[in-house]
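Participant: Each chain, written out:
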Amino acid sequence: MRNLLPILAVLAAIVALWYAAVAPMNIWQALDQAEREGVAVTPEGARTRSETSPFTLMLENPSQISRGYALDRPRLPTPVQVAEELWSSTGEMIQRGRPMSKRGLIYHGWITLQSTLAGFALGTALGILGAVAIVYSRTMEMSLMPWAIISQTIPIVALAPMIIVVSSQLGVEGRGLPKAIISAYLCYFPVLVGMTKGLRSPTREQLDLLRTYNAPGFASFLKLRLPSSVPYLFTSLKIGIAAALVGTIVGELPTGAISGLGARILIGDQFGTPLAIWAALFAAAILAGVLVTLLGWLQTLTLRRMGMHT
Amino acid sequence: MNWLVFAILFWLCAWAANVAMARSRWHDARVVRIVVPVLFGVTILVLWEGLVRHFEVSAIILPPPTAIAARFAAETQVLWEDFVQTVLKGALSGYLMGCAAAFIVAIAIDRSRFLTRGLLPIGNFVAALPIIGIAPILVSWFGFDWQSKAAVVVVMVFFPMLVNTVQGLTEASAMQRDLMRTYAAGYWQTLLKLRLPAAMPFIFNGLKIATTLALIGAIVAEYFGSPTRGMGFRISTGVGSLSIDLVWAEIAVAALTGSVVYGVVSLAERAVTFWHPSQRTRN
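Residue numbers (this note's numbering), protein chains in the order written: chain X, 1 to 310; chain B, 1001 to 1283.
Since the hints were derived computationally from the structure, they do not count as laboratory data.
From the three backbone atoms N, C-alpha and C, an ideal C-beta is built for every residue, glycine too.
One or more of the hints may lead you astray.
[To be verified] Selected chain X positions facing chain B (in silico; Cβ < 8 Å):
(1) L113
(2) Q152
(3) I154
(4) P155
(5) M162
(6) L170
(7) A242
(8) V250
(9) L253
(10) G262
(11) I267
(12) D269
(13) L281
Throw the hints in and build the complete structure from the sequences for me.
Facilitator: Okay, structure coming up:
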């Protein structure tokens, strides 16, 4: 909690910078609008203004700056505008009794969350299986590990449109599965690395002790390796779920999806409604924050029950 | 039938060879450590080729590796043009700007404990966000050419790099800093001779994470508008016009680029942080 004050200070500085940036970013639009309404603007004509620097424009038309803070389709919306848009597409929907309306972000967030969780489960399972294989088989370690690293240097997003088209041609209904595959691809790697480290974390002495108990290999896996890998697992799960969310959103961005937060960003881009893009972006950020925080709680809870200190 | 039998036979032989090599006395030898993963990769390609040919999978769904290689060889001109547009102009310039900016900011805020404590948690949080969604906004701000791609890359690599550098700068222990003080070293001397070298493993970690992010950012930003060249452009139009082998060739270029850049950063890391335990050789 002693970090609270510095964090708030930095956040306040970011918001202040944001507000300061709104004026120069939106000055052209504000002046165009003013000119259409018949207000005298210093350099006349949108063409000449577009070649003038925003700060000159602000100096010459100081009375029009405030207009830039209340545009319908601003280049850079103010934080309050974003918050209002976010509220009108979530909270207001609930108040009107239609929380799952397709015009609200709750529905789209839910679609994104489903794919994220499916991909997260798939990626985690793959990562854990791979880690077990790597820990128990030297052949697997030598052949799999370099490819796991190389697989992460391949920008999966290049494959995203591909996966979606191929799965639709193979007759897979809906877009849930291809999106989940992309998120699984992004999220398995941190789990694989973390679990490999975790499963190897028991010391020589601990393993030897189990051998003196005449414990079979499976028992030493279940009672020693698995429990001691749990802290590593949670750390990588937190990275993994954030990566899974990125994967889902990337899967929704190209090739015309219609539902999901990524699709909202895409549609906002195509219809020229920046507020919708910003609201969807912040919704995605909030979703990521909530998911990581939830896993953090789960981690504290589990480790406390297991008698490990965090 | 021949293809399937051949592929499976090849798989079994390669697997047996890998097991034999991994269990042999020379499993730590450099050659074996390279040959085993290469054989694994070749096996996957052979299986892919064999399965696609045996089941006569349509080239629209999954072309065999040989077809992709042929297309790759035939279209080197186009692929090179896309590579220049996306990687050299978009990703590389953004990567350099973003990493340099993060590095400078990290050193600037490092002097203030207050700022460090405030920025580190926020940076950690932002680094976990799906920042990629900002691409359409930046494309509308900076236009369709490579500048907007570089801007997306700058935003994407900034926070991971910042967090890693700030964390690395706290790495030198109090004892080591005291030693520098007994030498009457000033702030800059301590920074250059002790704290930056100690931070290097973290900085390289950030640089490695940023390489992948840079490629992802540059390619995704092209889905939102680009001139009629670039890897992202070619991929999205290639999927639309069902020239899937060209798409795979682009993916191969992306994969090669990603691996080579990662390898270069790793080599630089080995040269700079030769003292770090993770870089020591086994014998």
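Participant: All hints, please: hold or fail.
Facilitator: Status of the hints after comparison with the structure:
1. L113: Violated, because the Cβ-Cβ distance from X/L113 to chain B comes to roughly 13 Å (cut-off 8 Å).
2. Q152: holds, 6 Å
3. I154: Hint on X/I154: holds, closest Cβ of chain B at ~4 Å, below 8 Å.
4. P155: Given a least distance of 4 Å, the restraint on X/P155 holds.
5. M162: holds, 6 Å
6. L170: holds, 7 Å
7. A242: holds, 4 Å
8. V250: holds, 6 Å
9. L253: Holds, because the Cβ-Cβ distance from X/L253 to chain B comes to roughly 6 Å (cut-off 8 Å).
10. G262: holds, 7 Å
11. I267: violated, 10 Å
12. D269: holds, 4 Å
13. L281: Holds, because the Cβ-Cβ distance from X/L281 to chain B comes to roughly 5 Å (cut-off 8 Å).
Against the hints set out earlier in the document, violations occur for numbers 1, 11.
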